[in-house]
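If you read the sequences in order, they're chains A and B.
6 is the number of the first residue of the first sequence in my numbering; add one for each residue after it.
27 is the number of the first residue of the second sequence in my numbering; add one for each residue after it.
Please keep in mind that the hints were generated in silico from the structure rather than gathered at the bench.
Quick reminder that beta carbons are idealized off the backbone N, C-alpha and C, glycines included.
Some clues are possibly wrong.
[What the hints assert, rightly or not] Below 16 Å or equal to it, Euclidean Cα-Cα: the simulated EDC-like pairs (lysine to aspartate or glutamate) are:
#1 K116/A with E6/A
#2 K8/A with E70/B
#3 K42/A with E133/B
#4 K94/B with E133/B
#5 K46/A with E133/B
#6 K104/B with D83/B
#7 K50/B with E109/B
#8 K61/A with E128/B
#9 K45/A with E133/B
#10 K45/A with D7/A
#11 K42/A with E128/B
#12 K46/A with D88/A
[Said to hold, decoys possible] Coverage of chain A stretches by chain B, computed from C-beta distances (three or more under 8 Å per stretch; other residues unrestricted):
#13 35 to 49
#14 105 to 111
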Amino acid sequence: EDKVVQSPLSLVVHEGDTVTLNCSYEVTNFRSLLWYKQEKKAPTFLFMLTSSGIEKKSGRLSSILDKKELFSILNITATQTGDSAVYLCAVHGSGNTGKLIFGQGTTLQVKP
Amino acid sequence: DAGVIQSPRHEVTEMGQEVTLRCKPISGHDYLFWYRQTMMRGLELLIYFNNNVPIDDSGMPEDRFSAKMPNASFSTLKIQPSEPRDSAVYFCASRGTGITGELFFGEGSRLTVL
Numbered sequence: 006e007d008k009v010v011q012s013p014l015s016l017v018v019h020e021g022d023t024v025t026l027n028c029s030y031e032v033t034n035f036r037s038l039l040w041y042k043q044e045k046k047a048p049t050f051l052f053m054l055t056s057s058g059i060e061k062k063s064g065r066l067s068s069i070l071d072k073k074e075l076f077s078i079l080n081i082t083a084t085q086t087g088d089s090a091v092y093l094c095a096v097h098g099s100g101n102t103g104k105l106i107f108g109q110g111t112t113l114q115v116k117p
Numbered sequence: 027d028a029g030v031i032q033s034p035r036h037e038v039t040e041m042g043q044e045v046t047l048r049c050k051p052i053s054g055h056d057y058l059f060w061y062r063q064t065m066m067r068g069l070e071l072l073i074y075f076n077n078n079v080p081i082d083d084s085g086m087p088e089d090r091f092s093a094k095m096p097n098a099s100f101s102t103l104k105i106q107p108s109e110p111r112d113s114a115v116y117f118c119a120s121r122g123t124g125i126t127g128e129l130f131f132g133e134g135s136r137l138t139v140l
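Start from the sequences, fold in the hints, and give me the full structure.
Printed below as a string of structure tokens:
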């Protein structure tokens, strides 16, 4: 059965700290891995990763994929209170059916 | 584009009542997904459609749940009869052609069954 596991489940840091969120997966015929940020409403897209070792970067956020070890990390540097959210990792697998499977999410709280 | 549109945004109903949630995907997107989110179980895929055809409904909890997509611009998720354990946020999402494409989510329908 396809599976996506995120860790930690929750994290509390102070503004200015750097955090690393982890996502490991077991899926059939991996296609891509996506990171989403969810505040009070719908998840919003952050990154999509398809190749190992290529870092995706957007401002203070960055992410990288390791297809050999089957995991990805999401880094946030110089955290701000606005980074407080649930971060979701999702993987396209199960052949070419296009199904996206989500992990349980990491809840990040950034304190002033 | 207005994005994925869901209705209602909030629904409070009593156990045993029928609930219908509605979704309008982004125009031109040929994949539509229904997810359910709870604190305990996170985001669970219930069913998804490709070109209006249900592809995988293995996530539908039981026969009380049904979903339809009569045309490319409309889908419904129906729960009959509803139970308190169905209380959750139900998200509809769509994406375009291509296996690795980004998923666009609606704002969600928060369902409370008393």
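Tell me, which hint numbers fail for this structure?
1, 4, 7, 10
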